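Undergrad: Chain by chain, the residues:
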Amino acid sequence: METKSIKKILIANRGEIAIRIIKTCKELGIAAVAVYSDVDHYSPHTRYADESYNIGAAPAKLSYLNAEKIIEIALQTKTDAIHPGYGFLSENADFAQLVEENGLIFIGPKAQSIKLMGDKTAARDLAIKAGIPIVPGTTKPVKSVAEAQQIADELGFPVLLKAAGGGGGKGMRIISSPNEMENGLQTAKSEALSAFKDNRVYIEKYITNPRHIEVQILADQYGNVIHLGERECSIQRRHQKIIEESPSTYLDGSIREQLTQAAISLVKMSGYTNAGTLEFIFDQNKKFYFLEMNTRLQVEHPVTEMRVGFDLVAEQIRIAEGKKLSFTQEDINFIGNSIECRIYAEDPSNNFFPSTGKIAELKVPSGFGIRDDRGVETGSIVTAYYDPLISKLISWGRTREEARKRLSAALSDYILYGIINNIDFCHSIINHPQFVKGEYDTGFIHKYFEDIYKNDIPENIIQSAIIGSIATYLSQQKKIRINTAGDSHSRWKNKQVD
Amino acid sequence: MENYTVSINGKKFLVEYFDQNTILINGKQLSITFDDNGYGGFKINGKTFCHNGFCKFTNDSFANVWINRFILDVEIEDYKTNLLKSLKKNSASADKKIIISAPMPGLVKKIEVEENQIVKIETGLIILEAMKMENEIKSKVNGIVKEIKVKNNSSVEKGAEMIIIEINQ
Chain A
4 METKSIKKIL IANRGEIAIR IIKTCKELGI AAVAVYSDVD HYSPHTRYAD
54 ESYNIGAAPA KLSYLNAEKI IEIALQTKTD AIHPGYGFLS ENADFAQLVE
104 ENGLIFIGPK AQSIKLMGDK TAARDLAIKA GIPIVPGTTK PVKSVAEAQQ
154 IADELGFPVL LKAAGGGGGK GMRIISSPNE MENGLQTAKS EALSAFKDNR
204 VYIEKYITNP RHIEVQILAD QYGNVIHLGE RECSIQRRHQ KIIEESPSTY
254 LDGSIREQLT QAAISLVKMS GYTNAGTLEF IFDQNKKFYF LEMNTRLQVE
304 HPVTEMRVGF DLVAEQIRIA EGKKLSFTQE DINFIGNSIE CRIYAEDPSN
354 NFFPSTGKIA ELKVPSGFGI RDDRGVETGS IVTAYYDPLI SKLISWGRTR
404 EEARKRLSAA LSDYILYGII NNIDFCHSII NHPQFVKGEY DTGFIHKYFE
454 DIYKNDIPEN IIQSAIIGSI ATYLSQQKKI RINTAGDSHS RWKNKQVD
Chain B
635 MENYTVSING KKFLVEYFDQ NTILINGKQL SITFDDNGYG GFKINGKTFC
685 HNGFCKFTND SFANVWINRF ILDVEIEDYK TNLLKSLKKN SASADKKIII
735 SAPMPGLVKK IEVEENQIVK IETGLIILEA MKMENEIKSK VNGIVKEIKV
785 KNNSSVEKGA EMIIIEINQ
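Residue numbers (this note's numbering), protein chains in the order written: chain A, 4 to 501; chain B, 635 to 803.
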């Protein structure tokens, strides 16, 4: 098989993942081309890349989902390859196909693999053939409400409606009783259509409060497949992950072996190449079921990198160049534990509604065993157009407890002002006794929300808030002026930011 | 000296303000020294709890305060805001209406109610799409839909009035 060296990469994404990928390009001496929508004109990823180009208006379908425009820029800039990141076009087989047809390298699996594994129903079919258990349900999309009702009756309520065309919690609805079916199906379909340009929805038996554990794999074009261990992602809200960790506290050696071997056999059977993640759920009897495969780099990939000690994006590039994996399964050493918190612009007290606004100040923690991947800076404006993920804070420790305490201290140091966010909420989760013990499942947030949210605020913080707000209040009325040193950046002055 | 009632996350505190170095919270005197470094830090009775903070007023009396990982909801009342509040309360109780406004900018995907429809607490009113997720806005009161001010597939800005509900007692 021919190898081709990649000298220039266009990153068809934005935010933290665009910066993450550009970082690897810099390390490898590869030139990076960024693209951006109108509202992202001043976003850090545009300045961090070697070149950057506007690809259209703010709504994703007019910019980050505009395949033709992105390819046009790639060709104009004499780019060798396109990295899609996650979300947007990353799991769009037509895009991968179009990239190849234009003589460019798609950094990810082949279009037919995306089509096969990305089609959640086809992937379920394949798993059955590979002898891997799947969650009971359909392997075909449902055609009508009546058909959905009938399937749900057979499976027994509750059932889960899921988009066939993609993941990330979009187009997903739990249906607890027959009268919820019609509305639920309609919402799932319309969400799926706007997120994936594909309104097909299938049905699974809803396994109540499972544990969500996934396996990272790497596969080259020569049939070599290795796994990089598991990540547990059971701490979720609205079917989207908040906290991920590796290794999982739920697995022992023999189950881990069965799980990773199932993942490898499924990947080998499908002929998949590049990085990918197989998602499984575990029921309360530690029985696992294959859920779906994500045919791209995952948001939570740093948790794996922290333990295996190498850069997954660099490996993706190597594989895309047609090179062999430079290591075997035996070469992989898993060291210590890693935990990631996703910092979202959202309001945990208001049903996790996304929040928007200007970041008045951003200061991220650092130090040994701490990593922060972010796509914003002081002054950035968070809009409603894209995902509310602002940053990922990741810790590493020799033990789980060391990683957890390190992450907790780092969250306490995290300064993200001017925008409602979930930093304190994450801090409460990782300090909750059930999380400390590693005994949690996907029902965790729902079950312990009151505990997590009603985290007592220390008296000195309340006093400080009173003093700060009164000082601001009075300075707005020009009654007092604090920080007479003439500093115009004083915090407790009239400083409304919108 | 001026008196204020400050609510932090709904809990009320009586604040007596003497000057920028001396305040009493619920009768307890605190001596405060502000830092001059521009980060909004200060010492309370000589100890630093807040070396960096930020306050943003969303209107005359409501603010959010950020101190490290904490975000607090603050309401400040003085004699003036108290007066205004009591006036508002009187007029509000006269027509008993509440306005459902958009909690964030987004796209109205579906209006789930009609004018003159009776709604209960938790009745779905509007599905608003923002950040690619559909968010259902539910009624927090029992009442009747008096007016729908938005259309399907229209974009709304944060704070835009969407539905007016007349409250049933």
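Since the hints were derived computationally from the structure, they do not count as laboratory data.
Be aware that one or more of the hints could be misleading.
Distance windows between CB atoms, simulated [stated by the list, open to error]: (1) Glu781/B to Ser352/A: 26 to 32 angstroms; (2) Gly758/B to Val148/A: 48 to 54 angstroms; (3) Lys482/A to Ile752/B: 45 to 51 angstroms; (4) Ser352/A to Ser665/B: 31 to 37 angstroms; (5) Asn787/B to Arg241/A: 32 to 38 angstroms; (6) Asn787/B to Tyr456/A: 30 to 36 angstroms; (7) Asn637/B to Pro181/A: 56 to 62 angstroms; (8) Gly441/A to Gly758/B: 33 to 39 angstroms.
As the structure is a prediction and not an experimental result, all values here were calculated from the model.
We put the beta carbon where it would ideally sit given N, CA and C, even for glycine.
Undergrad: All hints are to be evaluated individually against the structure, with a verdict given for each.
TA: Hint-by-hint comparison with the structure:
no., hint, verdict
1, Glu781/B to Ser352/A: 26 to 32 angstroms, "28 angstroms, holds"
2, Gly758/B to Val148/A: 48 to 54 angstroms, "18 angstroms, violated"
3, Lys482/A to Ile752/B: 45 to 51 angstroms, "49 angstroms, holds"
4, Ser352/A to Ser665/B: 31 to 37 angstroms, "33 angstroms, holds"
5, Asn787/B to Arg241/A: 32 to 38 angstroms, "23 angstroms, violated"
6, Asn787/B to Tyr456/A: 30 to 36 angstroms, "34 angstroms, holds"
7, Asn637/B to Pro181/A: 56 to 62 angstroms, "59 angstroms, holds"
8, Gly441/A to Gly758/B: 33 to 39 angstroms, "37 angstroms, holds"
When the structure is compared with the earlier hints, violations turn up for hints 2, 5 and for no others.
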